[in-house]
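Novice: Take these sequences, add in the hints, and give me the full structure.
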Amino acid sequence: DGGITQSPKYLFRKEGQNVTLSCEQNLNHDAMYWYRQDPGQGLRLIYYSQIVNDFQKGDIAEGYSVSREKKESFPLTVTSAQKNPTAFYLCASSVQGATVEQFFGPGTRLTVL
Amino acid sequence: AQSVTQPDIHITVSEGASLELRCNYSYGATPYLFWYVQSPGQGLQLLLKYFSGDTLVQGIKGFEAEFKRSQSSFNLRKPSVHWSDAAEYFCAVGANQAGTALIFGKGTTLSVSS
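Chains A and B, in that order, give the protein sequences. Here the first sequence is numbered in my numbering, starting from 1 and rising by one per residue. Here the second sequence is numbered in my numbering, starting from 1 and rising by one per residue.
A couple of the hints might just be wrong.
Distance condition first, Cα-Cα at most 30 Å in a straight line; then the derived DSSO-like pairs of lysine-lysine [said to hold, decoys possible]:
#	chain 1	residue 1	chain 2	residue 2
1	A	Lys57	A	Lys70
2	A	Lys9	A	Lys83
3	A	Lys71	A	Lys57
4	A	Lys83	B	Lys68
5	A	Lys14	A	Lys83
6	A	Lys57	A	Lys83
7	B	Lys61	A	Lys9
8	B	Lys106	B	Lys49
9	A	Lys9	B	Lys68
10	A	Lys57	A	Lys14
11	B	Lys106	A	Lys14
12	A	Lys71	A	Lys9
13	B	Lys49	B	Lys68
14	A	Lys71	B	Lys68
15	B	Lys49	A	Lys9
16	B	Lys49	B	Lys61
17	B	Lys49	A	Lys57
18	A	Lys57	B	Lys106
19	A	Lys9	A	Lys70
20	B	Lys106	B	Lys61
21	B	Lys68	B	Lys106
22	A	Lys9	A	Lys57
The hints are simulated quantities; they were obtained by calculation from the structure and are not laboratory data.
Specialist: This is the structure we're talking about:
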């Protein structure tokens with residue numbers, strides 16, 4: 001089955017540690033996105049990538065980093081510079097730009113202890 | 001500034017009653033509009049989308065939405081709500097421009113009472 005997988009589903013981190021969230025898609029989509037979701041805040045764009053080896057900052061990129069070495073994969077690293085990393089993180093992909101449907105993964109809930 | 005406003009944070013509807021969720025947008029280019037639904041702890045699922053043409057669009061699960069350019073609105077409707085419709089609903093807007101991403105509203109939580 002085609003789709004987007006995110007792992008792990010739950011992640012716990014100690015303050016000061018970097019952590020990497022995985023996002024893989026087998027839909028052959030060019031574009032991939034990372035969103036952060038907090039209660040009452042909706043979805044806020046962290047980073048997005050339209051093509052391999054290229055990505056752009058979204059609205060809240062500070063404290064995060066990404067890579068896009070393969071079309072299928074778009075990992076997100078939450079660094080120790082992110083002041084309030086506890087949130088629900090959603091990965092999405094689309095065939096091309098924003099005009100078409102974005103398909104979402106099941107999400108990763110990150111909790112900083 | 002480009003934005004999406006969902007004025008209702010939380011709505012409660014009786015099972016079998018009709019539903020309307022409001023969405024207003026501010027966007028400089030021709031808008032492409034979407035409604036997504038999210039169950040607790042899950043990802044988002046697309047309900048419907050509007051790109052052009054007929055301003056009344058049909059989606060999955062019996063939902064429909066109407067695009068009104070003069071009011072900058074894209075309200076979601078369902079004639080008869082089922083208990084399984086309880087979820088969070090997000091309106092989003094995008095543009096036909098390379099390098100852009102969707103802008104999401106803050107969501108409306110729907111509760112269904114029996």
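Novice: Is Lys61 (chain B) close enough to Lys9 (chain A), meaning Cα to Cα at most 30 Å?
Specialist: 27 Å, holds
Novice: Within 30 Å, alpha carbon to alpha carbon, are Lys14 (chain A) and Lys83 (chain A)?
Specialist: 12 Å, holds
Novice: Could you grab the alpha-carbon distance between Lys68 (chain B) and Lys106 (chain B) and see if it respects the 30 Å cut-off?
Specialist: 20 Å, holds
Novice: When you check the alpha-carbon spacing of Lys49 (chain B) and Lys57 (chain A), does it fall within 30 Å?
Specialist: 25 Å, holds
Novice: Given the hinted pair Lys106 (chain B) and Lys61 (chain B), is their Cα-Cα distance within 30 Å?
Specialist: Holds, at roughly 22 Å.
Novice: Can the restraint linking Lys106 (chain B) and Lys14 (chain A) be considered satisfied, given a maximum Cα separation of 30 Å?
Specialist: The given pair, whose Cα atoms are some 29 Å apart, holds under the 30 Å limit.
Novice: So if I understand the rule, the pair passes when the alpha-carbon distance is 30 Å or less; does Lys71 (chain A) with Lys68 (chain B) pass?
Specialist: 37 Å, violated
Novice: Decide if the proposed pair is consistent with the structure: Lys71 (chain A) and Lys9 (chain A), CA atoms, cutoff 30 Å inclusive.
Specialist: With Cα atoms ~22 Å apart, Lys71 (chain A) and Lys9 (chain A) stay inside 30 Å; holds.
Novice: Tell me if the straight-line CA distance from Lys106 (chain B) to Lys49 (chain B) falls inside 30 Å.
Specialist: 18 Å, holds
Novice: Assess, step by step, whether the Cα of Lys57 (chain A) is no farther than 30 Å from the Cα of Lys70 (chain A), and give holds or violated.
Specialist: Holds, because 18 Å separates the two Cα atoms, which is no more than 30 Å.
Novice: Lys83 (chain A) and Lys68 (chain B): Cα distance at most 30 Å?
Specialist: 41 Å, violated
Novice: Lys57 (chain A) and Lys106 (chain B) were given as a pair; does the straight-line alpha-carbon distance stay at or below 30 Å?
Specialist: 20 Å, holds
Checked against the numbered hints above, the structure breaks hints 4, 9, 14 and satisfies the rest.
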